[in-house]
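Chemist: For chain A, the structure is supplied; the task is to place chain B on it using the hints.
For the record, the sequence lines run as chains A and B.
Per my numbering, the first sequence starts with residue 610, numbered consecutively.
Per my numbering, the second sequence starts with residue 23, numbered consecutively.
Incorrect hints may have been included.
[Stated by the list, open to error] Cross-link-like lysine-lysine pairs, in silico, DSS-like; alpha carbons within 25 Å at most:
(1) K650(A) / K115(B)
(2) K64(B) / K618(A)
(3) K653(A) / K115(B)
(4) K628(A) / K618(A)
(5) K661(A) / K650(A)
(6) K650(A) / K680(A)
(7) K645(A) / K78(B)
(8) K618(A) / K649(A)
(9) K115(B) / K89(B)
(10) K650(A) / K24(B)
(11) K628(A) / K676(A)
(12) K653(A) / K24(B)
(13) K628(A) / K64(B)
(14) K649(A) / K631(A)
(15) K64(B) / K645(A)
[Claimed, not checked] With the Cβ distance kept under 8 Å, some of the chain A side facing chain B (calculated, not the full set):
(16) Y642
(17) K650
(18) Q710
(19) P714
These aren't lab readings, by the way, just hints derived from the structure by calculation.
Note that beta-carbon positions come from the ideal geometry of N, C-alpha and C, so glycine has one too.
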Amino acid sequence: DTAVSQTPKYLVTQMGNDKSIKCEQNLGHDTMYWYKQDSKKFLKIMFSYNNKELIINETVPNRFSPKSPDKAHLNLHINSLELGDSAVYFCASSQAGLYEQYFGPGTRLTVT
Amino acid sequence: QKEVEQNSGPLSVPEGAIASLNCTYSDRVSQSFFWYRQYSGKSPELIMSIYSNGDKEDGRFTAQLNKASQYVSLLIRDSQPSDSATYLCASDKTGRRALTFGSGTRLQVQP
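With the rest of the complex left out, here is chain B:
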């Protein structure tokens, strides 16, 4: 079982819709969670971090964490074609200082 699992997609949503990206993790020791966006041929760009159960909102992005279910999600409201990218979920164990990444979900926003 992979430590961080994501559906590879592609997830296709129309422009203006809400895109919902999901991630599960297997190691209960994981404490910190991150969402990165990676455009083709570019480096991962940090868009959200979340450390405690519940929701965290930043602009059009909302990260949700449920440690009991070992589940992390990212909602993108009012999706734009420029949001089309691969979204990487990552976790970090306290003190380890090294991210474990999922394989990424490719999001396509249709104009």
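One chain only, chain A, in its complex shape:
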């Protein structure tokens, strides 16, 4: 009965590699988000999608490319990974007309 799920939970990779993180929600929500939580635990919005349409791109480097194949899924592809990309990436979702967002378990990305 997981509401918002992400895979993988942990991702360790080398600089320069390309990796993807997947997110799925079974809450019937129409908006999904990617947030980044850095080593100082500061949580910051990266992208939001509403019904598969990108509505917020918060000055994220274009090495990060989100894709939403349908409103229940939101993936994040990262090209040419850099050390500074190491962080925990959280997916979240919310319902139309409401602002409460529900977070997935997070993906801890470590770039070496």
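Modeler: Same frame as chain A, but now just chain B:
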């Protein structure tokens, strides 16, 4: 100036006491406010939302909003050791659909 500011703590209270967590915000356009609890190594968990001035109570939690002072607070009554976590304050501007978070306040409830 950060958009949402919180004291990083730690705020230490004895078990059974009231814990008071505070948050200020700089953007008057902000309309919706949220408190999330985050245990170490876990994801943020929504515990309260508040949209209008005044108090909102849910169990042991009370959120307070004062838009004139641009101030949001969270009171936790009868604090338990299991309440020990980082509490994140967040705001949302009408129509923006993206939360802006404070840096969080770490709460320690001493048994």
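Chemist: Under the criterion that the straight-line Cα-Cα distance not exceed 25 Å, is the pair K650(A), K24(B) satisfied?
Modeler: holds, 15 Å
Chemist: Taking 25 Å as the top limit, are the C-alpha atoms of K618(A) and K649(A) close enough?
Modeler: holds, 19 Å
Chemist: Does Q710(A) meet its interface restraint, that is, does its C-beta lie within less than 8 Å of any C-beta in chain B?
Modeler: Result: holds, 6 Å to nearest chain B Cβ.
Chemist: Assess, step by step, whether the Cα of K653(A) is no farther than 25 Å from the Cα of K115(B), and give holds or violated.
Modeler: holds, 15 Å
Chemist: Tell me if K650(A) is really an interface residue toward chain B, meaning its C-beta lies closer than 8 Å to one of theirs.
Modeler: holds, 6 Å
Chemist: Does the structure keep K645(A) and K78(B) at a Cα separation of 25 Å or less?
Modeler: violated, 29 Å
Chemist: Against the 25 Å threshold, does the CA-CA distance of K628(A) and K618(A) hold or violate the hint?
Modeler: holds, 13 Å
Chemist: Given the hint that K650(A) pairs with K115(B), test it: the Cα-Cα distance must not exceed 25 Å.
Modeler: Roughly 22 Å between the alpha carbons, so the hint for K650(A) and K115(B) holds.
Chemist: Taken at face value, is the distance from the CA of K631(A) to the CA of K649(A) at most 25 Å?
Modeler: holds, 24 Å
Chemist: Does K645(A) lie within 25 Å of K64(B) when you go C-alpha to C-alpha?
Modeler: Holds - the C-alpha atoms of K645(A) and K64(B) are around 14 Å apart, at most 25 Å.
Chemist: Tell me if the interface restraint on P714(A) is satisfied: Cβ within less than 8 Å of some Cβ in chain B.
Modeler: holds, 5 Å
Chemist: For the pair we were handed, K628(A) and K676(A), check the Cα-Cα distance against 25 Å.
Modeler: holds, 13 Å
Hint compliance for this structure: hints 5, 6 and 7 are broken, all remaining hints hold.
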